[in-house]
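Chemist: The listed protein sequences derive, respectively, from chains A, B and C.
Residue 121 in my numbering is what sits at position 121 of the first sequence, and the numbering runs on without skipping anything.
Residue 1231 in my numbering is what sits at position 231 of the second sequence, and the numbering runs on without skipping anything.
Residue 2093 in my numbering is what sits at position 93 of the third sequence, and the numbering runs on without skipping anything.
It is possible that part of the hints are untrue.
Rough simulated footprint, nothing fancy, chain B against chain A, three-plus residues with beta-carbon under 8 Å [stated by the list, open to error]: (1) 18-27; (2) 133-147.
A partial selection of chain B residues facing chain A, derived with a Cβ cut-off under 10 Å [stated by the list, open to error]: (3) PRO1029; (4) ARG1075; (5) LEU1085; (6) VAL1164; (7) ALA1213; (8) VAL1215.
Because the hints were derived from the structure by calculation, they are not lab data.
Every residue, glycine too, gets a C-beta built ideally from N, C-alpha and C.
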Amino acid sequence: MHEEPLVRWDWIGRNWPSIQVLLEDHVVMALVPIVIGLLVALPLGLAGVRWRWLYQPTVGVMNVIYSLPSLAVFIVLIPVTGLATRTTVMVPLTFYAMAVLIPAVVDGLTSVPDHVRQSAVAMGFTPLRRLLQVELPIAVPVVLAGLRVAAVSSISLVSVGALVGRGGLGYLFIDGWQRQFYTPIIVGIVLVVVLAAIADLLLVLAQRLLTPWSRARGAA
Amino acid sequence: MVAGKGGRVNWLIDFFGNPDNWSGPDGIPVRLLEHLEFSGLSLLLAMLIALPLGLWIGHTGKGALFAILSANAARALPTLGLLVLIVLLMGVGTIVPVLIPLVALAVPPILVNTYEGLRGVDPDLRDAAYGMGLRGSEVLGRVLVPVALPLILLGLRIAAIQVVSTATVAAYVGLGGLGRFIVDGLATKDFPRTIGGAVLVALLALIVQLGFALVQRVMVSPGVSQRQTIR
Amino acid sequence: MIKFDRVTKRYADGTVAVDDLSLEVPTGEITVFVGPSGCGKTTSLRMINRMIDATEGQILLDGVDVKTIDPPTLRRGIGYVIQQAGLFPHRKIVDNVATVPYLLGWDRKKARDRAMELLERVGLDLKMADRYPFQLSGGQQQRVGVARALAADPPVLLMDEPFSAVDPIVRTSLQEELLRLQAELNKTIVFVTHDIDEAIKLGDRVAVLRVGGRLAQLADPPTLLARPADDFVREFLGRDRGIRRLSFVSDEGLRLRADLTVSVSADVSTVRGADESWLAVVDGENRPLGWASVKDLPETGTLADVRLAPYGTFVRGRDSLRGALDAALLSPSGSAIAVDEEGRAEGVATREALDEALGKVAGGVGA
């Protein structure tokens, strides 16, 4: 068995349809937590900026959540959300995403220079318009930097779910280990890294589109 | 499978209350020590690689783009996949196979935060330091590192927590550590064991978190930490 | 003495920051480099302590080419003050000031004692010593910056726009503090600023640089104001250089009249017949109180019953002709009261006297 090549291309060809299913499952389980995490982090981050006393406790709670091992959380959740379900994997990933994104939103909003905020007030922006048209756009680069970290680690972490029966491409690691067979493991690693790279690239492109004014100063 | 809150608390009592779980080669103390050994060794190796590299890149500005890009790529490596691949290639027997993925996990946050910490130091401060006649190494050691320390420690903290959490998966390929309770519990449908293991790892991660908060308080000059809370 | 000998700084992209600069900075004097942005004034300053190395030419420090000295060693012997102070945020004020003494291996106690002495000298409350920089105002930080530069008692001080970032009131007090310190210490100071008023106020000599790093004129302030070398310097000096020039003309030539002061206890009847329309009223210790208008005097009583008009004074022998003129403009009488250092009236400089003194200045170079 160990004399065989590291990658057997014919295995990939034969199993491509099932790899594709795992890939889709992986994308969904990685993406949904990031989207939900962002949707929750935006209002919480805003609240943290408006009411400063709220921020430290929120970050404290998020730090605690962030330090909980993913595998441990998957397991504690099994009795509630079931073994081998997408929900079991996505719930903790959503919290991890929030733990990264809330500080990013707060840092982004506090990075708005005070004179810019003041002049927006002076020109008669209502608080909502000021938020949407002035503060959020300026916060975009910092928020997107947080989003890049969250996306990459989310994509990488989904595979741990394989240990509780639902890990997208992580299944290939279990499969390869049980059959002592390199090919699925290598295919899994490569696909996870490629997914992460694509996500990162898309976010960089999004930043260029959303903040054309920062392009002149070079990439962040 | 359906269990109320009382049920799960009972599981914990079953696990932690059983004296057999506190002694022998599969007892909590032994598994905890194994876990600390993997994690501590990996973190130490990662520090030996990432700290000097991050300091050098941050101080000289050389190779920054390359280092940051590779660090980001390394973040995407799935630890579980890397672990099973390396164990298949090298075989079990030593703890080296588990160290490699954990070091790969810990290097990026340490490297990136050290670099960013140094780059973020006010250029006027560098200028003043050189202008007063500090040599390059003195500027780094006496000015840049103390000022960048909060970010450097943040990188170390993130790395430590991720390593402690992720070292759990070592059990999957037959190695020890607190992950044993989780994996064995899953395999034998012994839920108290699994949950007990999960709780232990979570507690350990929290202790690491608290430990770093303490280190930060002791090591970072109040002139630096208080200035930042004002912002 | 610092000597620039045909110094040029050319960057890799071909930009010339300093072009063939030759000048001398005399020992124990303040030489100010002034000019618009892009004139190479900061570059010139930074070439002295080798923060930047010159491309061509030599900079000699007491006859030694700075390029032959190892930069850290060179810099430890030269005080350096920058715009944002650049204090180390992680160190207490006293340790910030003691930075160079520590580097030079001084005993810790001696270094700290020296730091405390300097904090006092630059006018800081010693309570500040154990604080961190973020707890100080901008002006206080700048004072610490000056104290830090002086800590190892270097003969040379380089100051790069040190007072540009503080508000005008604080800036004025920092400038005066510097002049007071310099009167005690006699350092060789190179001071960079873009503010011509600051240059004229502080400089024993002023080097005006033009964009592209060429020296336009090097002169003492009165000469600069009286005889700008060309249109560029004239324009840079601004419109009211005639008035400003008066700051450098001594008031010694000013004729004073002693017969125009009168004691507040005098009866109005004794002064009613005076030939003048205004008299300076002084108290029992001869300190000015104000001007009394002769035609509006009441029928009876003393001068204490009279409503006095505001007045201006100048210190005889210390203030310039500009000070005297300014004092005169503050009085309805158009005359200025001269006082001694204790504030006692010495006499009155009338419009005629001022006119006469101004007439002498207008033609010549003055001073």
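Chemist: It remains to establish, for every hint, whether it holds in the given structure.
Modeler: Status of each hint after checking the structure:
1. For the stretch 18-27 of chain A, the proposed coverage by chain B is not satisfied: 0 residues have a C-beta within less than 8 Å of a C-beta in that chain, short of the threshold of three.
2. Given as covered by chain B, the stretch 133-147 of chain A fails the check, having 0 residues with a CB less than 8 Å from a CB of that chain where 3 are the minimum.
3. The beta carbon of PRO1029 of chain B is not positioned within 10 Å of any beta carbon in chain A (closest approach about 19 Å), and the interface hint is therefore violated.
4. Annotation: interface hint on ARG1075 of chain B holds; nearest CB of chain A at approximately 5 Å, less than 10 Å.
5. Against a cut-off of 10 Å between C-beta atoms, the interface hint on LEU1085 of chain B holds, since the closest Cβ of chain A lies about 5 Å away.
6. Look at VAL1164 of chain B: its Cβ gets to within about 7 Å of chain A, closer than 10 Å, so that hint holds up.
7. Evaluation of the ALA1213 of chain B hint against chain A yields a held restraint, the C-beta minimum of about 9 Å falling below 10 Å.
8. For VAL1215 of chain B, the shortest C-beta to C-beta distance to chain A is roughly 15 Å, which exceeds 10 Å, and the interface hint is violated.
Checked against the numbered hints above, the structure breaks hints 1, 2, 3, 8 and satisfies the rest.
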